[in-house]
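Go by the hints and put chain B onto chain A.
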Amino acid sequence: MDKVLKKLISMVVKNLDFIWAYLKYNLASAMEFRFNFLSQAIFMILNDGLFLLIWYFFFQYFGDLNGFGFREMIALWIFGAGGFGLVNAVFGNAANLGTIISNGELDFYFSFPKNHLLHALVSRTDLSAWGDMLFAPIAFFLFFPANLLSIFLLFFGILSGAMILLAFYILIGSLSFWLGRNEVLQSSLFHAFLAFSTNPSSVFQGVVKFIIFFVIPAGFATFWPADLLKEFVLSKFLYLILFTIIFFLFSLLVYYRGLKRYSSGNLINVRG
Amino acid sequence: MQAVEVKNLSKKFEKKTKALGLKASFRSVFRKQLADFIAVDQISFQVAKGEKVAFIGPNGAGKSTTIKMLTGILHPDSGEVKVTGLTPWKERKQLAFQIGTVFGQKPQLWYHLPAMDTFYLFGKIYEIEAKKFKKRLDFLIDKFQVQDFVYQPVRKLSLGQRMRCEMIASLIHQPKILFLDEPTIGLDVVAKQQLREVLNTMNKEEGTTIFITSHDAGDLEKIADRVIVIDLGKIIFDGTVKALKEKYAAYKIIDLKIINGGNVKSKIKIPGVRILKAENYNWQFELDVKKTSVKAVLDQLLNIYQVEDIGIFETPMEEIISNIYAQNSLKNK
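Sequence lines, in order, name chains A and B. The opening position of the first sequence corresponds to residue 1 in my numbering, with each subsequent residue numbered one higher. The opening position of the second sequence corresponds to residue 1 in my numbering, with each subsequent residue numbered one higher.
Derived by calculation from the structure, the hints in this document are not laboratory data. As the structure is a prediction and not an experimental result, all values here were calculated from the model. For every residue, glycine included, the Cβ atom is placed at its ideal position computed from N, Cα and C. Take these hints with a grain of salt, some might be off.
[To be verified] Partner residues aside, some chain B positions facing chain A, computed with beta carbon under 10 Å:
id, residue
1, F13
2, T71
3, K106
4, Q108
5, D117
6, L121
7, L157
8, G160
Chain A with its partners taken away, still in its complex shape:
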């Protein structure tokens, strides 16, 4: 048991080291074009802020929606932008997974002694995502009281939201194993996730509510972390952990099932 645990810890440390190394070189590569990098990150922070401003005027004019007000909206955006930013900054190829599969580009990652899926995901960064990632703590410290529990819930919510979004990316990317090229479908599903996760949760009822929790699980990615930040409920916190783990493992199961259908390609590419 001791040996297994040691091996597991060593594997986790090695993979974290690997992710960190890629993150550094991704950033270094982005820094080669400093203006591009900074402008994309800064404009994304402003873009997120602008959305909040629009919602501020909305709630000022129309009032709360079933108890959902501007403060709840900020929380939703903190976890939405934070989770999205974390995934796309660290696992920047997640959004391209479907294309990588349908173009047969997984070949490249198969020739290295690392998990090919992890390797594929971390080998790119999305520059604007760094702005989203930064927006989350800025909005949090501006609008929410900072204490040990709230800061913990901020990081926990971003992390669980990121894992759910990453799992969702893996699932929609895996569709390419069965459908081949299907960028439009993937893009529609992703935008549905984005729309559900950053709009007032109180307006969704009935079947739609079921869909946004169990089909396109945007509800778990932002609504629940936002709820927890408002009022910490232990059972909700534990259910969220459970759902995140199950959903993530499910996405891996689907991916590896699909991988059996993978056929490689002969495309010529250049690394960013």
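This is chain B only, laid out in the frame that chain A set:
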């Protein structure tokens, strides 16, 4: 133990087929027509440790599919493969530590970063201990003579410089076998020469087994000890470069410069000899090596003429290779 052992390896793919026209396209949206395409058909061969093997064939012959099965990228339908004693598709990660890959058309280097950064990243990927990594890197930088440009972003390097850096990235973990797919594609003569020299040096000094696919005849002649020719998924030749030439080199060219001119056409009558050029003092003959020998032709020429200079040229390798493909495709028609 052999470096590579392949036994009855086969792989087929499903290919989408469609009749011509809009109607057929419309029908294919609802019902896919698939046909089996055999990419690799029951091939067997072995590569000894330290051997330099060229694996050649026309486009679509099955070269890349075979390499992909040898490196664990593709699962075969049937057959056995052992690479350094490992089954590639089952022990892919362990195998990755043992092999290096260079795909001429698929760069591994980061385009916007100096090659040095990619080397360091590869050091992490292959989990090489810092001191060992530094020593290895210094050795390779010296060997490939890349000191002057290794800190420049890759996008600013010439193709030759880039390829040398690609090689370093593939050799950083000291692989036992190096798989190269078209490594010299697009390189100029000097860069090709440098790359071939380094490959030969790595083979000699570190015993690296080399398995190379290429359309460049020079790669075969300057690197390989042995050639395996694959066409339509089957191996059609497996032997030394010399044996390949003996089997498929159809003719030789003799260039002759004589002192006393004359009418060569009336005097040379040997079966299998064709006159390509017959100027007063400069003649060129093509002789079919299956019908006559160089000696027979020279004996006759030297008997009649006072010769100032002779040049004997073999069939160019490009032509030998295209002869093989042509013969095989005729056989299969």
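Structure-based check of all given hints:
no.	hint	verdict
1	F13	holds, 7 Å
2	T71	holds, 6 Å
3	K106	holds, 6 Å
4	Q108	holds, 7 Å
5	D117	holds, 6 Å
6	L121	holds, 5 Å
7	L157	violated, 13 Å
8	G160	violated, 17 Å
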